[in-house]
Amino acid sequence: MTINPQLNADGSLRHLLTIDGLPRAILTHILDTAEGFISVSEQEVKKVPLLRGKAIFNLFFEASTRTRTTFEIAAKRLSADVINLNINASSQSKGETLLDTVDNLSAMQADMFVVRHAQSGAAHMIARHVAPHIHVVNAGDGRHAHPTQGLLDVFTIRKYKGEFHNLRVAIVGDVLHSRVARSQIHALTTLGVPEVRVIAPKTLLPVGVEQMGVHVYHDMLQGLKDVDVVIMLRLQNERMRGARLPSSQEYFKYYGLTQEKLALARPDAIVMHPGPMNRGVEIDSSVADGKQSVILPQVTYGIAVRMAVMSILAGN
Amino acid sequence: MNLPSANSLIAQLAAAIKPTLTSNTVLVGMHTGGVWAAEHLHPLLDINMPHGSLDISFYRDDFERIGLHAQVKPTRLPFEVEGRDILLIDDVLYTGRSVRAAMNALFDYGRPAKIRLAVLIDRVGDRQLPIAADFVGAALRVPSHQHIHLVRDDELQLDLKLVDIS
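Protein sequence lines, in the order shown, are assigned to chains A and B.
First residue of the first sequence: 1, per this note's numbering; consecutive thereafter.
First residue of the second sequence: 1, per this note's numbering; consecutive thereafter.
Take the hints with a grain of salt, since some may be wrong.
[Stated by the list, open to error] Quick list of in silico lysine-lysine cross-link-like pairs, DSBU-like style, CA-CA up to 30 Å:
#1 LYS46(A) with LYS18(B)
#2 LYS291(A) with LYS261(A)
#3 LYS253(A) with LYS202(A)
#4 LYS18(B) with LYS114(B)
#5 LYS73(B) with LYS159(A)
#6 LYS47(A) with LYS161(A)
#7 LYS46(A) with LYS114(B)
#8 LYS46(A) with LYS225(A)
#9 LYS114(B) with LYS73(B)
#10 LYS225(A) with LYS253(A)
#11 LYS159(A) with LYS76(A)
#12 LYS54(A) with LYS18(B)
#13 LYS161(A) with LYS261(A)
#14 LYS73(B) with LYS18(B)
#15 LYS161(A) with LYS18(B)
#16 LYS47(A) with LYS18(B)
#17 LYS253(A) with LYS47(A)
#18 LYS225(A) with LYS291(A)
#19 LYS76(A) with LYS18(B)
#20 LYS46(A) with LYS161(A)
#21 LYS76(A) with LYS46(A)
#22 LYS73(B) with LYS47(A)
#23 LYS225(A) with LYS261(A)
[Stated by the list, open to error] On the chain B side, residues computed to face chain A include the following (Cβ under 8 Å):
#24 LEU3
#25 ASN7
#26 ASP55
#27 THR75
#28 PHE79
#29 ASP108
#30 TYR109
#31 GLY110
#32 ILE148
If you are wondering where the hints come from, they were derived from the structure by calculation, not from laboratory data.
All values reported here derive from a predicted model rather than from experimental measurement.
For every residue, glycine included, the Cβ atom is placed at its ideal position computed from N, Cα and C.
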């Protein structure tokens with residue numbers, strides 16, 4: 001067995017880079033800890049002193065609103081000092097390499113890096129490079145992984161459904177380009193969801209997706225039948241320009257979630273979306289704003305889950 | 001060492017606490033032993049307000065040394081803390097560090113009018129902070145290589161246990 005670069009020698013979590021390969025006990029520990037952080041947002045003073053004196057650097061090499069903001073709020077509620085760096089192409093083009101940037105910030109006494117990068121593996125590279133006391137959280141790398149999104153999604157599912165062992169979950173849309181879908185699939189299968197379905201046209205599925213333990217559907221009407229959870233993925237506009245899809249209207253007709261299609265799922269099914277949503281492309285507004293939608297609670301739970309991840313890492 | 005029964009200590013505490021209650025008093029148990037003790041005390045005290053439960057994991061002072069406590073439990077305070085007369089319940093008072101953390105946690109929910117402390121066991125000697133309990137079930141001297149705490153069986157009955165620290 002190869003050594004998991006995310007784990008310390010004693011098996012505790014040192015970095016969070018991907019959900020792939022993490023034992024169920026670690027995922028459950030993160031979810032249970034996040035449960036404890038929910039009450040912090042009910043406090044008059046929405047802060048706990050756990051990470052007082054720690055410096056957390058949000059390194060965002062790729063645009064993000066929700067993820068960066070919720071990481072920032074999470075770190076601040078843990079009393080850490082947060083430094084946000086939105087590093088665009090122009091500042092990188094000054095010639096400093098990614099690892100030089102990291103070395104310079106480490107020299108400023110960084111304790112943790114939260115990294116978003118367009119290149120798959122960027123967070124891994126930083127994790128291999130940093131000094132032993134520094135922790136790295138992957139906030140999305142290329143098409144590879146977005147582990148805290150996967151964790152907040154399973155946290156949301158557990159909040160509404162209680163258990164994992166009796167669920168059918170459908171993930172609908174552009175799985176091929178989606179790091180979110182990969183992390184969701186790993187989280188769901190590790191936690192024991194017996195039936196994870198992916199629903200997409202062949203052109204938006206990675207080759208060999210069945211090997212991740214999912215059931216593949218190309219027809220949304222079949223795939224949604226009797227599911228407990230529907231997770232919609234964002235259709236990135238740039239995909240439309242290539243030859244993968246005819247048009248957004250055509251896509252909406254076959255793979256957009258409408259009330260009529262949602263009626264095929266179980267009556268108590270919940271609808272999720274990692275955001276940002278393309279209303280009228282992958283999801284109809286009446287569903288996004290409907291009573292089965294838990295899209296905004298996902299955002300709120302994201303704060304508690306990120307607080308859990310950061311405090312567990314910092315303590316290990 | 002002969003340990004007193006948890007039930008008799010709870011009955012004794014209830015008798016001592018009862019004359020001091022006001023309509024503004026609420027019970028807050030500290031996870032986990034203190035919550036169990038609060039659950040048993042509550043029906044003996046005729047308090048209308050449900051009891052609260054407090055987890056102090058995020059306020060401990062040993063995070064740097066041992067990291068996050070393995071079992072974080074949700075804090076539930078089903079009342080306004082602001083202006084309240086709070087009776088904090090724990091199973092054992094020893095170094096006083098947990099009570100310090102609990103008071104800090106409570107103040108992040110509001111400014112209580114008063115906080116008092118009731119414990120089943122006051123483990124005397126080795127207090128590390130200037131903290132004392134208002135109500136004590138029994139004062140005990142426990143050897144430093146031993147640990148005393150409350151346990152709960154399948155019938156929800158409470159019992160005190162001494163264990164050797166390995």
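Hints and how they fare:
1. Under the criterion of a C-alpha separation no larger than 30 Å, the hint pairing LYS46(A) with LYS18(B) is inconsistent with the structure, at around 34 Å.
2. Between the alpha carbons of LYS291(A) and LYS261(A) the distance comes to roughly 15 Å, so the proposed pair stays at or under 30 Å and holds.
3. Between the alpha carbons of LYS253(A) and LYS202(A) the distance comes to roughly 16 Å, so the proposed pair stays at or under 30 Å and holds.
4. Taking the CA atoms of LYS18(B) and LYS114(B), the gap is near 16 Å; set against the 30 Å cutoff, the hint holds.
5. Pair hint LYS73(B) plus LYS159(A) holds up; C-alpha atoms about 15 Å apart against a cutoff of 30 Å.
6. This hinted pair checks out: LYS47(A) and LYS161(A) have alpha carbons roughly 29 Å apart, not beyond 30 Å.
7. Restraint check for LYS46(A) and LYS114(B): the C-alpha separation of about 22 Å stays at or below 30 Å, so the hint holds.
8. At most 30 Å may separate the alpha-carbon atoms for a hinted pair to count; LYS46(A) and LYS225(A) exceed this at roughly 42 Å.
9. A C-alpha spacing of about 25 Å is found between LYS114(B) and LYS73(B), which places the hinted pair at or below 30 Å, so the restraint holds.
10. This hinted pair checks out: LYS225(A) and LYS253(A) have alpha carbons roughly 17 Å apart, not beyond 30 Å.
11. Distance hint between LYS159(A) and LYS76(A) is fulfilled; the C-alpha atoms sit about 24 Å from each other, no more than 30 Å.
12. Using a Cα cut-off of 30 Å, the hinted pair LYS54(A) and LYS18(B) is violated, with the two alpha carbons roughly 45 Å apart.
13. A C-alpha spacing of about 21 Å is found between LYS161(A) and LYS261(A), which places the hinted pair at or below 30 Å, so the restraint holds.
14. Distance hint between LYS73(B) and LYS18(B) is fulfilled; the C-alpha atoms sit about 29 Å from each other, no more than 30 Å.
15. The suggested pairing of LYS161(A) with LYS18(B) is violated, with an alpha-carbon distance near 42 Å, which exceeds 30 Å.
16. Between LYS47(A) and LYS18(B) the alpha-carbon distance is near 35 Å, which puts this suggested pair outside the 30 Å criterion.
17. In summary, the hint linking LYS253(A) to LYS47(A) is not supported, as the alpha carbons are separated by about 46 Å, beyond the 30 Å threshold.
18. The suggested pairing of LYS225(A) with LYS291(A) holds, with an alpha-carbon distance near 19 Å, which does not exceed 30 Å.
19. Of the supplied pair hints, the one linking LYS76(A) and LYS18(B) is violated, its CA atoms being roughly 42 Å apart against a limit of 30 Å.
20. Between the alpha carbons of LYS46(A) and LYS161(A) the distance comes to roughly 27 Å, so the proposed pair stays at or under 30 Å and holds.
21. Of the supplied pair hints, the one linking LYS76(A) and LYS46(A) holds, its CA atoms being roughly 9 Å apart against a limit of 30 Å.
22. Under the criterion of a C-alpha separation no larger than 30 Å, the hint pairing LYS73(B) with LYS47(A) is consistent with the structure, at around 17 Å.
23. This hinted pair checks out: LYS225(A) and LYS261(A) have alpha carbons roughly 9 Å apart, not beyond 30 Å.
24. Restraint check, LEU3(B) versus chain A: the minimum CB separation of about 31 Å is more than 8 Å; hint violated.
25. Residue-level restraint check for ASN7(B) is violated (minimum Cβ-Cβ distance to chain A is 30 Å; threshold 8 Å).
26. A hinted interface residue such as ASP55(B) counts as satisfied when its beta carbon comes closer than 8 Å to some beta carbon of chain A; here the least separation is about 6 Å, so the hint holds.
27. For THR75(B), the suggested interface contact is upheld, since its CB lies about 4 Å from the closest CB of chain A, less than 8 Å.
28. With 8 Å as the threshold, the beta carbon of PHE79(B) stays out of range of chain A, its nearest partner Cβ sitting at about 12 Å, so the hint is violated.
29. The beta carbon of ASP108(B) is positioned within 8 Å of a beta carbon in chain A (closest approach about 4 Å), and the interface hint is therefore held.
30. Evaluation of the TYR109(B) hint against chain A yields a held restraint, the C-beta minimum of about 5 Å falling below 8 Å.
31. For GLY110(B), the interface hint holds, the least distance from its beta-carbon to any beta-carbon of chain A being 5 Å, beneath 8 Å.
32. A hinted interface residue such as ILE148(B) counts as satisfied when its beta carbon comes closer than 8 Å to some beta carbon of chain A; here the least separation is about 25 Å, so the hint is violated.
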